[in-house]
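Colleague: Okay, here's what each chain looks like letter by letter:
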Amino acid sequence: MTTRFTLNGTAVSVDLPGEVSLLHALRGPLGLSGPRYGCGAEQCGTCMVLVEGTPRYACTLALDAVEGKAVRTVEGLGTPEAPHPLQAAFLAEQAGQCGFCLPGILVSAAALLDRDPDPDDAAIRAALDPHLCRCGSHNRIIRAVRRAARAMREGRAAA
Amino acid sequence: MSAGSGMDFRGLVTPEDGRPRLPGSLHTNRRLSQWITFHADGRVTIRPGKVELGQGILTALAQIAADELDVSLARIGVQTAATPDSPNEGVTSGSLSVQDCGSALRHACANARAIHLQVAAQKTGVPLEALRVEDGTFFGPAGPVGSYWAQADDALLECAASPEVKAKPPSARRIAGTSAPRLDLPDKVFGAARFVHDLRLPGMLHARVVRPPARGARLVELREGGPPLPGGARVVRDGSFLAVVAAAEHDAEAAAARLAARVRWEEADTLPDERALADWLREAPHEDSVVIERAADDVALAGQTVRTCFFRPPVAHASVGTCCAVARWSGGTLEVWTHSQGVYNLRTDLAKVLRIAPERILVRHVEGAGCYGHNGADDVALDAALVARAVPDQPVRVLWSRAEELGWSPFSSAMLVEVEATADAAGNLVSWRCEIISNGHSSRPGRMQDPTLLSGAYVEGGVPVPPSINPPIAGGGGAQRNAIPLYRIPNLRIGLRRLTVMPLRTSALRGLGAPVNVWAIESTMDELAARAGADPVEFRLRHLDDPRAAEVLRAAAEMAGWAGRARREGVGMGVGFARYKNASAWCAVVAEIAAEATVRATRLWIAADVGEAINPDGVANQLEGGAIHGVSMALKEAVRFDRRRVTSDSWETYPILRFSEVPVVQTRLIQRPDQPPLGAGECALAPSVAAIAGAIRDALGVRVRAMPFTPETIAAAMDAA
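Going down the list, the sequences are from chains A and B.
The numbers in this note's numbering rise by one with no breaks, and the one at position 23 of the first sequence is 23.
The numbers in this note's numbering rise by one with no breaks, and the one at position 573 of the second sequence is 573.
These are computed hints drawn from the structure, not numbers from a lab.
No residue lacks a Cβ here, since even glycine has one placed at the ideal position from N, Cα and C.
Hints may be right or wrong, so weigh each one.
[Stated by the list, open to error] Chain A side only, calculated, beta carbon under 8 angstroms to chain B, not exhaustive:
id: 1; residue: M1
id: 2; residue: P80
id: 3; residue: G136
id: 4; residue: R147
[Claimed, not checked] Far from chain B, some chain A residues (derived; all Cβ distances over 10 angstroms):
id: 5; residue: T6
id: 6; residue: V20
id: 7; residue: G34
id: 8; residue: R36
id: 9; residue: V51
id: 10; residue: T54
id: 11; residue: D64
id: 12; residue: K69
id: 13; residue: E75
id: 14; residue: G78
id: 15; residue: Q94
id: 16; residue: D114
id: 17; residue: A126
id: 18; residue: H131
id: 19; residue: R146
id: 20; residue: E154
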């Protein structure tokens, strides 16, 4: 069975049974590394991706549920040459240790800043609460999201 | 048997072997070319035997090398550890990487620089004293005369390191001591394929292990027939080790679930009663030893005596990424890609289980998620090797499930620490007796007679994993780590009871015994201070002779506004202090908690002294991380089990601290660039646990005696009071 959707702005098609998880499709035939298995039960957020701009757990989301939709992963946020303000801010704050949780956190943070350009700490904590970070980089991550929000607001004001 | 006899604690204890002493791991890995290679194109490769675990060690080591060689940081490439060529530095553990590897690299680089300059001086006739190095180029009074790169092919480093060489004085360092950005972080924020989980070798297959439903269960029947397994998945069995392997990962996952329903296991009760775990610890078979005993005759033992028993259940490493490995057998050689903390140690135990010569196994480190100690990283490497043996020439990737990660990794042992302390009428400590009851805190591979890899006990003819041991106190200790108070105490006796049975496999987890021992010490100090009518910080300072200890304690108190703190309903502040392993970094933590429906840690103030901080921001990151780990352990964590299996095998049943629960953290580093560097990864954890316990006492007037500090254990402490 073929599922067609948009992945990080590019049209893709995957030949896998429709009940296979989006995570397996992304890491398997689509060759991505950012979305990761952490629990398979929507409890840790390492697999988080954006579907039509909304954070979704790719580990339990069936592939056929994204037919015709737009899927965005950390690879679609930015590149080393053209980083997303969040990625630049995470590097500036050195917000990470092992980094396994970061791709999921980054896409959830991107969704937050899309709907709230000036979140306070409580809003950031709430938006990131589905994500586990065992290394204890939370406070740096919160600072990085604030820094990115500021950069994005200033960028908009300058534009 | 003493804990250390016949064990290989390489990296923990440097052997006295009669050879001139060289710094850190250079002593046992003396050839310079093993550590450093210059390339003609202007690059340098360094080869540490320590590995990146998310702690930022690669960056710190690159900084040290760049500084000592006088080259820019951008020229340094770090080759990750692999057998058989990397220096054997044992295990990346115990916050020892900067000490063992950093000091070795610093010396090796100073030596390499000296050799190259000597050769340049001979070639050019420019006197050695007139030569200087700028970003790898050698300059004489008249301009450039050569470079590392021009001499790269001369095999100048094919020699043993010289003890005579001196590294630069601290004042000459330009790169070490700065907060250089992490070399590995860009890959991590762009989602690049950096982890072992992301390896994609040509023709790679995917496998899953089917674990038994109970500890120690034996596979008695594998029912044939039924529909074929998805994706043509193949069953691999060796005794009671059972796995499936398929071309696609989703097929392997589905096949494992299908296969599990076709197996009959013989299972039995092997675990203690969780509700009576403290009693079980007291009664279990054990061996006794004395950690320290000293007596002063001229001290009156009369005064205030405090007697308390502290209990912590087993806790899990609980990495966010599950363990993963890739293995390939071809022509009698096994290759393994692993996030193990010790590639040589893993190789030793793989060889034992697989019954092949270690030389036929190549073990390569690839980064994994943070491990926080000995988790299942080594175990999954054996799993991959066992499956790969059944499909020669094809790489096999095994990924553990969340249930395996939380249910089958080694745990940090349950512990019981009993303290009896006496202060005289003036409030001075006169006597301290302590008894520690625990399983050993190390079952790392490569150290014992029998292999310690999980599936090694399940294969045909396999032997159970031997009960864990404790490293000797000279190597930091295990259960007894940080059990000796740093406070001035004339009469002191600390006993250690190591269990000789191990129903739940235990091993090293960040801090080993320190979180429980430091909590016990600091809680007892708080109690004695209260009885003496003294301020907890002042009471500690009164018993400290070590000025560096006093300084971190004063700094944390000052940051927190300790002296001027106001009483607020439902809010408490507590303090915790330890010098990690009594020989490494000094760290003091003040915690503020809010006692609501549950206890919430709201703020932490951390002051630390790690000697020379190679990368101050990296140190701060480690301090914050260790402290938050401590908060999570103190408030939430407990491995749960019934008589047969671990039941806390999901994030729902083994909760850890989340974003909404994380305290605000402030850190201060006491800068001592002239002092030897000390590891920072573990020093903040135990004092944080202790500070939270103190804060609970401050807010609620109750001393908690069991971790985690949940409404249930706090209520139990209130009832007991």
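Colleague: Which of the listed hints are not met by the structure?
Modeller: Structure breaks hints 1, 4, 6, 7, 8, 13, 14, 15, 17 and 18.
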